[in-house]
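**Student:** Sequence:
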Amino acid sequence: MEILNWSRQTNGSCTEAILVWHIATVLFHHQETSPPQQNNNLFTEEQVVALELSAYCHYLVAYLPELLPDDVEWTEEKYESVRKDILAIVRSSENKKTKNDRCNYALETTTWGDNSLVGKGAKLAKVLINCAEEGSQVWKMLAEFWPEMMLFIAPSDNVEGHQKILHKKEFITQLWALLTHAGIVTRPTLTEHQGHESESNAVMGDVNV
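To convert, note that position 183 of the sequence shown is 183 in my numbering; the numbers rise steadily by one, no gaps.
No lab work stands behind these hints: they were computed from the structure. Be careful, since some hints might not be right.
[Claimed, not checked] Here are the simulated DSSO-like cross-link-like pairs (lysine-lysine), alpha carbons at most 30 Å apart as the crow flies: (1) 164 to 99; (2) 168 to 126; (3) 99 to 84; (4) 123 to 99; (5) 78 to 126; (6) 78 to 168; (7) 123 to 140; (8) 140 to 169; (9) 126 to 99; (10) 140 to 99; (11) 123 to 164; (12) 84 to 168; (13) 78 to 169; (14) 140 to 164; (15) 140 to 78; (16) 126 to 140; (17) 123 to 78.
[To be verified] Each pair of labels, with its calculated beta carbon distance range: (18) 42 to 161: 33 to 39 Å; (19) 44 to 168: 27 to 33 Å; (20) 94 to 151: 38 to 44 Å; (21) 48 to 105: 23 to 29 Å; (22) 166 to 135: 41 to 47 Å.
Ideal placement from N, C-alpha and C gives every residue a C-beta, glycine not left out.
Using the sequences and the hints given, assemble the complete structure.
**Tutor:** Right, here's the structure in full:
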């Protein structure tokens, strides 16, 4: 399932797409109305895939922006903006005792600016929650989205950047090496992603986040 509709969701920015979808994934995960976990509070395989890769992509934005497609300085500015918005939520919801309560507070906040990535993530989370309530397999969709994101960002000609972190055995570097060995050193074009727009709309509807 292809759901990287760059032009409609985040103006083609990989950084913004990662941040918006990471926020949405986390908020969706912490909602009581999201699909229940298995007995004994074990995560399903789809939840594990989505949550782990979502967190890893967020980590890349925060700590290894030079390996992502967007300008490093611009990526750092976007991340800092999101970090400040999240800190503001924490300060404003000090009376909320649990993480679920704070996530609910973020979803209920209506004062986000038009360009707030946290606000866009909250809006997308609401869409995911509504889809789940209507019977859609949201975790399945997220478990397909995040591997697609990794496959999108991994190809790169930044050999020096990956060589510098070889000792860390980063997942993105291992994936990059495999793709490079297979002759894949460039990322898909916007046109290639848009080719699957109708399939994406079947899941998300006509929503501009």
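**Student:** Which of the listed hints are not met by the structure?
**Tutor:** Of the numbered hints, 1, 2, 11, 14 do not hold.
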